[in-house]
Amino acid sequence: MDQLPPAIAVEELRKSFGELEAVRGVSFTVDTGEVFGFLGPNGAGKTTTINMLCTLARPTAGTARVAGHDVVGERDAVRRHIGLVFQDPTLDGYLTAEQNLRLHAGLYGVQRDLIEPRMRQVLEMVGLWERKDTVVATFSGGMRRRLEIARGFLHSPRVLFLDEPTIGLDPQTRSSIWRYIRELQEAENITIFMTTHYMDEAEFCDRIAIMDHGEIVALDAPESLKAQIGRDRVRIETGDDAAAIAALDEQWGVDAQVIDGAVSFQIEEGEAFVPQLFDRLGVAIRSVSVSRPTLDDVFMSFTGTTIRDAEESAASHRNRMAMRAMSGGRR
Amino acid sequence: MSTEVIRVHVPGRSARGELRAIAIVWRRELIRFRSDRLRIVTTLVQPLLFLFVLGSGLQQLSQASTHGVDLKTFIYPGILCISVMFTAMFSAASIVWDREFGFLREMMVAPVRRSSIVIGKVLGGATVAGLQGLIVVALAGAVDVPYAPTLIVGIILLQLLLAFTVTAFGVMAAARIKQMQSFMGLMQMIVVPMFFISGALFPVQNLPAWLTVLNRLDPLTYAVDPMRRLVFDHIDISAAARAALDPGVTWFGWRVPTALEIAIVLLLGLAMLGIAIWEFSASD
Chain A
1 MDQLPPAIAV
11 EELRKSFGEL
21 EAVRGVSFTV
31 DTGEVFGFLG
41 PNGAGKTTTI
51 NMLCTLARPT
61 AGTARVAGHD
71 VVGERDAVRR
81 HIGLVFQDPT
91 LDGYLTAEQN
101 LRLHAGLYGV
111 QRDLIEPRMR
121 QVLEMVGLWE
131 RKDTVVATFS
141 GGMRRRLEIA
151 RGFLHSPRVL
161 FLDEPTIGLD
171 PQTRSSIWRY
181 IRELQEAENI
191 TIFMTTHYMD
201 EAEFCDRIAI
211 MDHGEIVALD
221 APESLKAQIG
231 RDRVRIETGD
241 DAAAIAALDE
251 QWGVDAQVID
261 GAVSFQIEEG
271 EAFVPQLFDR
281 LGVAIRSVSV
291 SRPTLDDVFM
301 SFTGTTIRDA
311 EESAASHRNR
321 MAMRAMSGGR
331 R
Chain B
1 MSTEVIRVHV
11 PGRSARGELR
21 AIAIVWRREL
31 IRFRSDRLRI
41 VTTLVQPLLF
51 LFVLGSGLQQ
61 LSQASTHGVD
71 LKTFIYPGIL
81 CISVMFTAMF
91 SAASIVWDRE
101 FGFLREMMVA
111 PVRRSSIVIG
121 KVLGGATVAG
131 LQGLIVVALA
141 GAVDVPYAPT
151 LIVGIILLQL
161 LLAFTVTAFG
171 VMAAARIKQM
181 QSFMGLMQMI
191 VVPMFFISGA
201 LFPVQNLPAW
211 LTVLNRLDPL
221 TYAVDPMRRL
231 VFDHIDISAA
241 ARAALDPGVT
251 WFGWRVPTAL
261 EIAIVLLLGL
271 AMLGIAIWEF
281 SASD
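In the order they appear, the protein sequences are chains A and B.
Here this note's numbering is used: the first residue of the first sequence is 1, the next is one more, and so on.
Here this note's numbering is used: the first residue of the second sequence is 1, the next is one more, and so on.
Quick caveat, the hints were computed from the structure, so don't treat them as lab data.
Idealized CB from N, CA, C, for every residue including glycine.
Just to be clear, a hint being listed does not mean it is correct.
Listed next, the stretches of chain B that the computed footprint assigns to chain A, with coverage defined by at least 3 CB atoms under 8 Å from CB atoms of chain A [to be verified]:
1. 146-155
2. 211-221
3. 241-249
So these bits of chain B aren't anywhere near chain A, every CB distance computed over 12 Å [as the list claims (entries may be wrong)]:
4. ILE22
5. ILE24
6. LEU61
7. HIS67
8. LEU104
9. ALA138
10. VAL143
11. VAL192
12. GLN205
13. LEU207
14. ARG229
15. PRO257
16. ALA263
Now the in silico label distances, taken between C-beta atoms and shown as ranges [unchecked claim]:
17. ASP88/A - PRO11/B: 25 to 31 Å
18. ILE31/B - ARG182/A: 18 to 24 Å
19. LEU30/B - GLN228/A: 44 to 50 Å
20. ARG75/A - LEU54/B: 36 to 42 Å
Use the sequences and the hints to build the structure in full.
Listed below in structure tokens is the structure:
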């Protein structure tokens, strides 16, 4: 198992569109079975990178190997070993869920006797087996996404690419989609490569790469990234806030403030700090909470934009897409 | 998971795999056609209007010039062609929809040749148009054309050929034209004049010179003419009427043989299919 080549190996990958350098020499490897997330504001080059990895765009320079095959020289071999879930839906609404999957199985040359059991397996995993005879046009956005994910898994790919798999879905649906992705990934040891701009989703990844202006500005496990940038936030509710603030300054040199009715401060390894707090604060403590720096903080510190800005630009991007769809335009 | 994972294996490229891809794209067109009953009705309206309204109406004026042959019977072969043509156009348009709704992408990233996708699409569109043409074939009795087996088989084969060529043309155009409005606009701009010029509604001899030239350049002419000959071979009319109504297509006085006419339509279709494959293979 551990002798497998990396699921994805990228070296100095570049892509230019005329004058515009969308991807400026990125390098990374993704191990088999890893869930790898690509984060970044819109226009950072995430989708361009994913398109190169799944052979939909030709790199201007650099190399990328996916499932052990070169994305330019062995395009077909790469395609056989990857599954794709695009940002925009690619289901045939006229067909039923089952017909969509059968079509996919046919295009990928899945052995006929395995289509039925495999289809059942992936549909059960995403909870759509009972709906297999329903025409896809009547599915909700979340159901379509689940069906697309099931389809992406159908031909047992080694690497599954998900481009913004939960964009435009409500939070509940998003978290259930994530559960399905995780379950499928664990059941089949498939490598997942995904892009997202939802910070909370990045937490599901084993490692994340933050991309900005076509370059990778940070790459590590979410926990390590958070550890790199900052300290935990501790909030305590006390009987005497003023005394607590004074004691914190005196005992540990910590600068605390009252925020939303609780004394709040930042410190390294906040959980380890809590016992000391009870020992030495000398003020009655009613409650304590320790929170890690969020990926929002990480994102901000590496890209200089808040995720809210990134989401707003994504929202306007979606609006543009919707308008283009209405006017019959094409991406 | 409750049961063990069923692993499937995606095989390398093979002729069988490509044939399977063609078959599956073809079958999808049929499934879609079956579920889209509205389309079956709407694409029939125009040919039926021509056949029964225009045919019955102009009949009042043309008794003498048609040598007693009902105008509906005369234009029936043309209607057989035009109904298939309109449907084939719609079939080809579905590739534009596929692009807009993203489904084209699902097919384009599959580990099969683009040519298999395009061929499946064209054959599927042609089959759908041919099926729809059967409705017009069924109307033969209403315009005094007999249901002779040789006639019906011949009509179906000619319809399939024409449907193939028109779908190939549409798919070729769809490789470049990415918006539905532009596509339908272009199709209307090309197909309607082709229909009027083709001689579907009139005999193609003794026309004004400019119209004769246009008629001989119109590919649809070479589908309508064999269709008309086929139908007229099976109805009982005077030699004078036959000569006036089914004069055949001539190039500088030379009568173009039916086989050559069919070959022209077929070669044109194959050429456009080739261009369509080339265009879709070249795109990312």
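Structure-based check of all given hints:
{"no.": "1", "hint": "146-155", "verdict": "violated (count 0)"}
{"no.": "2", "hint": "211-221", "verdict": "violated (count 0)"}
{"no.": "3", "hint": "241-249", "verdict": "violated (count 0)"}
{"no.": "4", "hint": "ILE22", "verdict": "violated (10 Å)"}
{"no.": "5", "hint": "ILE24", "verdict": "violated (4 Å)"}
{"no.": "6", "hint": "LEU61", "verdict": "holds (43 Å)"}
{"no.": "7", "hint": "HIS67", "verdict": "holds (48 Å)"}
{"no.": "8", "hint": "LEU104", "verdict": "violated (8 Å)"}
{"no.": "9", "hint": "ALA138", "verdict": "holds (26 Å)"}
{"no.": "10", "hint": "VAL143", "verdict": "holds (34 Å)"}
{"no.": "11", "hint": "VAL192", "verdict": "holds (21 Å)"}
{"no.": "12", "hint": "GLN205", "verdict": "holds (44 Å)"}
{"no.": "13", "hint": "LEU207", "verdict": "holds (39 Å)"}
{"no.": "14", "hint": "ARG229", "verdict": "holds (39 Å)"}
{"no.": "15", "hint": "PRO257", "verdict": "holds (42 Å)"}
{"no.": "16", "hint": "ALA263", "verdict": "holds (34 Å)"}
{"no.": "17", "hint": "ASP88/A - PRO11/B: 25 to 31 Å", "verdict": "holds (29 Å)"}
{"no.": "18", "hint": "ILE31/B - ARG182/A: 18 to 24 Å", "verdict": "violated (34 Å)"}
{"no.": "19", "hint": "LEU30/B - GLN228/A: 44 to 50 Å", "verdict": "violated (57 Å)"}
{"no.": "20", "hint": "ARG75/A - LEU54/B: 36 to 42 Å", "verdict": "violated (53 Å)"}
The structure does not agree with the numbered hints 1, 2, 3, 4, 5, 8, 18, 19 and 20 stated previously, though it agrees with the rest.
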